[in-house]
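Work out the full structure, taking the sequences as your base and the hints as a guide.
In the working numbering, the protein residues as written are 20 to 529.
Please keep in mind that the hints were generated in silico from the structure rather than gathered at the bench.
Backbone N, C-alpha and C define an ideal beta-carbon position, used for all residues, glycine too.
One should not assume that every hint holds.
Stated by the list, open to error - The calculated label-pair distances, taken between Cβ atoms and stated as ranges, are:
#, residue 1, residue 2, range
1, 263, 334, 33 to 39 Å
2, 307, 361, 44 to 50 Å
3, 21, 94, 50 to 56 Å
4, 474, 266, 51 to 57 Å
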Amino acid sequence: MNVRRIITDLQAGIVVGIVLVPVAMAYGLIAGIGPAAGLYGAIAVGLVAAVAGSSRVLVAGPNVFVALVLGPVVFEYGLAGAFTTTMLAGIILLAFAAARWGRLVAYIPYSLLAGFFTAAGIVLVITHVMPAIGLSTAKGGVIGNVTAWTTAAINLDALAVAGATVAIGLLWPRKLARYAPGPFVALVAGTAIGLLLFQDAPVVGDIPRGLPTPTTPIFNPAFVLPAFTIALLCAANGLLTALQADSLTGSSHRPNQLLAAFGAGNLLGGLMGGNAGGASVTTFLNIQAGGRTVIAPITSSLIMLLALVALPIERIPIAALAGIIIVNGCLVVDWQYVKRIAKVPRGYAAVMLITAVVAIAVDFNVAVIIGLVAASLVGARRSEQSELQRLVSVPLPDSAVWADGDPLESHVGLVVMPDWVSVASAREMARVVTGDIRENQVTIFDFRRVAYMDDTAASLTGQVIAGRRVALAGLQGPARETMLAFGNVAAGRLVSDVDEAKAAIRTGAI
Numbered sequence: 020m021n022v023r024r025i026i027t028d029l030q031a032g033i034v035v036g037i038v039l040v041p042v043a044m045a046y047g048l049i050a051g052i053g054p055a056a057g058l059y060g061a062i063a064v065g066l067v068a069a070v071a072g073s074s075r076v077l078v079a080g081p082n083v084f085v086a087l088v089l090g091p092v093v094f095e096y097g098l099a100g101a102f103t104t105t106m107l108a109g110i111i112l113l114a115f116a117a118a119r120w121g122r123l124v125a126y127i128p129y130s131l132l133a134g135f136f137t138a139a140g141i142v143l144v145i146t147h148v149m150p151a152i153g154l155s156t157a158k159g160g161v162i163g164n165v166t167a168w169t170t171a172a173i174n175l176d177a178l179a180v181a182g183a184t185v186a187i188g189l190l191w192p193r194k195l196a197r198y199a200p201g202p203f204v205a206l207v208a209g210t211a212i213g214l215l216l217f218q219d220a221p222v223v224g225d226i227p228r229g230l231p232t233p234t235t236p237i238f239n240p241a242f243v244l245p246a247f248t249i250a251l252l253c254a255a256n257g258l259l260t261a262l263q264a265d266s267l268t269g270s271s272h273r274p275n276q277l278l279a280a281f282g283a284g285n286l287l288g289g290l291m292g293g294n295a296g297g298a299s300v301t302t303f304l305n306i307q308a309g310g311r312t313v314i315a316p317i318t319s320s321l322i323m324l325l326a327l328v329a330l331p332i333e334r335i336p337i338a339a340l341a342g343i344i345i346v347n348g349c350l351v352v353d354w355q356y357v358k359r360i361a362k363v364p365r366g367y368a369a370v371m372l373i374t375a376v377v378a379i380a381v382d383f384n385v386a387v388i389i390g391l392v393a394a395s396l397v398g399a400r401r402s403e404q405s406e407l408q409r410l411v412s413v414p415l416p417d418s419a420v421w422a423d424g425d426p427l428e429s430h431v432g433l434v435v436m437p438d439w440v441s442v443a444s445a446r447e448m449a450r451v452v453t454g455d456i457r458e459n460q461v462t463i464f465d466f467r468r469v470a471y472m473d474d475t476a477a478s479l480t481g482q483v484i485a486g487r488r489v490a491l492a493g494l495q496g497p498a499r500e501t502m503l504a505f506g507n508v509a510a511g512r513l514v515s516d517v518d519e520a521k522a523a524i525r526t527g528a529i
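So, in structure tokens, the structure goes:
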């Protein structure tokens, strides 16, 4: 590694670290555990992921989605509950890695993530209007905060600070972001305005300095669901971010090693009283700034550590942090999906909207579960349509079976099974085939194209052929194993192909 490469990575790490300081503090506020805890968690996850992870350019640290899931835990069970949930999420991520589920997590549907991101953005904006006007975030989520607006006494100084922060954060030119990142400029400007002009805006106040004291975990079964949600979101977002980073840099990451690094980082972060974390969007800022080795993400974590130890962050107005959160909320919304939702197939649009509405109105944990179920149903419905379109069920003229057969008569039917037969289409396929072969004396089932058949499809096919004269042609591979186990194969006769089936019919073997 040459000196120029090291210097470029150090510069990229400094730029990213400067951005991460206000973001980590803000996300600590989102989770309800405070700005210092936001920095503790970001430093722990960032350092562990940089050293032990398999992606050289991915930056780990504060993550808005896991912070949103952790917030309700803090309201209900306090800081000890939040830190225990963070540690439990780390253990679950380590279990994902041990089970080698890295590639499987990447299959979480895009529509579900789009709904989750959009809901997260809306929640961030609405729930941080109160801090932006000098008050504490109200309980009760979106509804509670909207209700609180009607009786809120606005602190005009805080509103001015938040307004300036939001304006700078949204309007800062992209051309200047490489030299002076927008979130950092917004934080500096908001802090300066608060200190010099609007001094009645509440500030962060005293925060713990130096190394944190290890926390003692407390266990409650209620922590399992939010911990699993945090682990799932951390894994999905992290792996998708790593894939995008690979495509931009030509590098390659190992997904299970990355999951293990996220798990160890969250375990350490929770133990040290920090916020849960995952992949950070500053990964792309790191790439844009020229970061290509682990020096950059390590440097960014050290910048956060320096800020925690040495900088006067206790004088930062809370309204400035709220402004940064509101800016991030606007950016998190999946605007591309929202713009084209009218053109999206209805099933996918429904998954996105259901996930978003449940996340906003009920809970992010419940939204993930319901979103996965809805996505599975939509996927099954589309699979059913695709599989049924490839099913062929036709009568064979007698002349195609017997040399002297009447071409206008048909006593034999042919059912050509599709290449993929799953639970999605099994019941409808069984209904269609049962009706088609009711009048047949003999039916040939052609399985030569079948590459996959699940247990439900095999079982229902077995019910269709029960009590009938049938030939099962071309069963092979996994489909043969499944039919032998579940498909009542003894009720028919196994043959190699359709021609052998016709020969068996002519000799009366079937």
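Looking back at the numbered hints, which does the structure fail to meet, lowest number first? 2, 4
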